[in-house]
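With chain A held as given, fit chain B onto it using these hints.
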Amino acid sequence: MSGRLDTEYVEYVTGRHAWLRRVAYLLCQDWHSADDLVQLAFIRLFTHWARARRVDNLDAYVRMILVRVFLGERRKFWETRVLLAPTPPERVSAGIDRDAMMDVRHALLAVPPRQRATLVLRYYCDLDVEAAAAALGCSAGTVKSQTARGLAAMRRALEPSAGGADRG
Amino acid sequence: MSPRRGVRTVDEASLRRTLDALAGTEAPQARFDIEYTMARGRRNRRVRRTALMSSALAAGVAIALVIVLVVVPRSAAVQNIPAVPGSACASVPSSAPTASPGRTPDPLGTGAALAVPPEPFSPLTPCVSFGWLPPGYTTGTLAGGDYADAYRQYTMLFAAGQKNLQLYVNAADACTQTSTVVNCGWLGQIGDIALSHPAPALGGRAAYWTACGLLWEYAPSSWALVRASCSPGGSVSASVRSTLLRVAAGVRFTDGSPMVFPFWLKGIPSGWQVSSTQFVPSGGVRDAVNLALGPASGSGGSADITVIPASDSTAVRNNIDVACGGGGAWGPGQTVSVDGSPATVWTADIAGDHAEKLCAGDVHGYAIWISLDGQRVAGFSSVTDLARALHLLGTDPAGWTANPLR
Numbered sequence: 001m002s003g004r005l006d007t008e009y010v011e012y013v014t015g016r017h018a019w020l021r022r023v024a025y026l027l028c029q030d031w032h033s034a035d036d037l038v039q040l041a042f043i044r045l046f047t048h049w050a051r052a053r054r055v056d057n058l059d060a061y062v063r064m065i066l067v068r069v070f071l072g073e074r075r076k077f078w079e080t081r082v083l084l085a086p087t088p089p090e091r092v093s094a095g096i097d098r099d100a101m102m103d104v105r106h107a108l109l110a111v112p113p114r115q116r117a118t119l120v121l122r123y124y125c126d127l128d129v130e131a132a133a134a135a136l137g138c139s140a141g142t143v144k145s146q147t148a149r150g151l152a153a154m155r156r157a158l159e160p161s162a163g164g165a166d167r168g
Numbered sequence: 169m170s171p172r173r174g175v176r177t178v179d180e181a182s183l184r185r186t187l188d189a190l191a192g193t194e195a196p197q198a199r200f201d202i203e204y205t206m207a208r209g210r211r212n213r214r215v216r217r218t219a220l221m222s223s224a225l226a227a228g229v230a231i232a233l234v235i236v237l238v239v240v241p242r243s244a245a246v247q248n249i250p251a252v253p254g255s256a257c258a259s260v261p262s263s264a265p266t267a268s269p270g271r272t273p274d275p276l277g278t279g280a281a282l283a284v285p286p287e288p289f290s291p292l293t294p295c296v297s298f299g300w301l302p303p304g305y306t307t308g309t310l311a312g313g314d315y316a317d318a319y320r321q322y323t324m325l326f327a328a329g330q331k332n333l334q335l336y337v338n339a340a341d342a343c344t345q346t347s348t349v350v351n352c353g354w355l356g357q358i359g360d361i362a363l364s365h366p367a368p369a370l371g372g373r374a375a376y377w378t379a380c381g382l383l384w385e386y387a388p389s390s391w392a393l394v395r396a397s398c399s400p401g402g403s404v405s406a407s408v409r410s411t412l413l414r415v416a417a418g419v420r421f422t423d424g425s426p427m428v429f430p431f432w433l434k435g436i437p438s439g440w441q442v443s444s445t446q447f448v449p450s451g452g453v454r455d456a457v458n459l460a461l462g463p464a465s466g467s468g469g470s471a472d473i474t475v476i477p478a479s480d481s482t483a484v485r486n487n488i489d490v491a492c493g494g495g496g497a498w499g500p501g502q503t504v505s506v507d508g509s510p511a512t513v514w515t516a517d518i519a520g521d522h523a524e525k526l527c528a529g530d531v532h533g534y535a536i537w538i539s540l541d542g543q544r545v546a547g548f549s550s551v552t553d554l555a556r557a558l559h560l561l562g563t564d565p566a567g568w569t570a571n572p573l574r
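Protein chains in written order, with the numbering used here: chain A, 1 to 168; chain B, 169 to 574.
Looking at chain A on its own, in the form it has when it is part of the complex:
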């Protein structure tokens, strides 16, 4: 029984790791931290696997775990644990507007974590308000207000007048 459950878990994680890692990256804007977030989320998933494997939408369940790990345990692990091993530099694909990517990353980092998570769920994961509310553990009204505030925060971060000197 245990062996079969483990096999199912490995198959699921193997297939969904890359997807969840990208969501995690959008949340924390750092691949290194994204790996830690994903690891924590999958540990929590394994802890509850016998029950979790029976949920209707396992992806949504795992995404909810990830978001809550991001919001609730940021300080606990991936922001507090010092890794002595050096971190390899991130790479940017050829053809990508590096400046644009950096701008978006900086703008996202300027958005408070809960608003950032709301934006990622709404506009990257394409969740409607109710689904995002379920993932975040809040009301639909809160999702709407967090979305509006998050968009406003990104606009402020991307407007040169708000950020000071612009190299234009």
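Take the hints with a grain of salt, since some may be wrong.
SDA-like mimics (lysine to any residue), calculated; alpha carbons at most 20 Å apart, straight line [said to hold, decoys possible]:
1. LYS434/B with TYR376/B
2. LYS144/A with ASP179/B
3. LYS144/A with ARG184/B
Quick list of simulated restraints, FRET-style, between CB atoms [as the list claims (entries may be wrong)]:
4. SER505/B with ARG54/A: 51 to 57 Å
5. ARG373/B with GLY137/A: 50 to 56 Å
6. ARG409/B with GLU130/A: 48 to 54 Å
By construction, these hints were calculated from the structure, which means they are not laboratory data. Glycine included, C-beta positions come from ideal geometry on N, C-alpha and C.
Below, chain B alone, put in the same frame as chain A:
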């Protein structure tokens, strides 16, 4: 943050596009270990079960007391209630081994070679070593403790510089095997490992390829695995396999030269133990040491202590500097004094869970980083008190200690 050029509009459609593009940015190799994930998940399950059993036992004791005091006549015999089984984490000592201080970590194995690893396993005493590593491999990190409560295994981790490839060696005894599989509980992966792809024998012992590693029987019923970092479901190239062969041929077990620490810490409560250690013995960083502590039960808080020479300016220092900061759940930093040197403390409270962290740039030549999570360490009212209980021993390894907890 100011944009680098021009004004970028943010509406819902543009945000979808930019998030898609951002998520599509070429990612570095994933630092993900599914076996580690499962091992930690199993540990969580055990902790939860123990907690549930403890609750059930407490309820049982209460009910039994009521029965004894109210229902059962005083002349009735009261049977002993069996104790809850203790944590399986019995192989990790609560204090350092009694070793002569002044010995430096032995990452490349200059200690006496042994046919099998000594018992018990301790994260304070590395006993598996690499005899050879590829050129360009810079720093070594020993990690231990995460699996020590369930499986007898050892991990020595080395990070490659340029190749973004990490190498691990693990060993386990008491494995069971058939003609087709071996099962050591956890050995780089959980459960059965297929013996379907024979590799060149190592030291006259049978060896087999796994998806990302090389497995061999170093003693009867005892198997070791050298593996490379590998994506889930992935495999390694022929050149990496060639490297694994040579690395595996150099792996040996030693008598366990104890790690030495440039500090000792007093006042750690009974029941707490070292859960993991990291050190960087050579390469770009000298003598960076990390020590993690926690209750033997695996729950109820943790402390994480890192010291590094204050003059260091490498990646380790960068990691510490990144970790030292407020924002998010952390409140504003407060300046405190640690042994006459300034330090900054941040605190956070989420859902009743308390955490504190402290950063000091230079205390007697060392930068210090301490985090305290969950339940506070008994005897320490704050992370500041914990920092003040840290006795630094200077920069000369001759004065360091193998007994960091007192």
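**Item:** Which numbered hints fail
**Value:** 1
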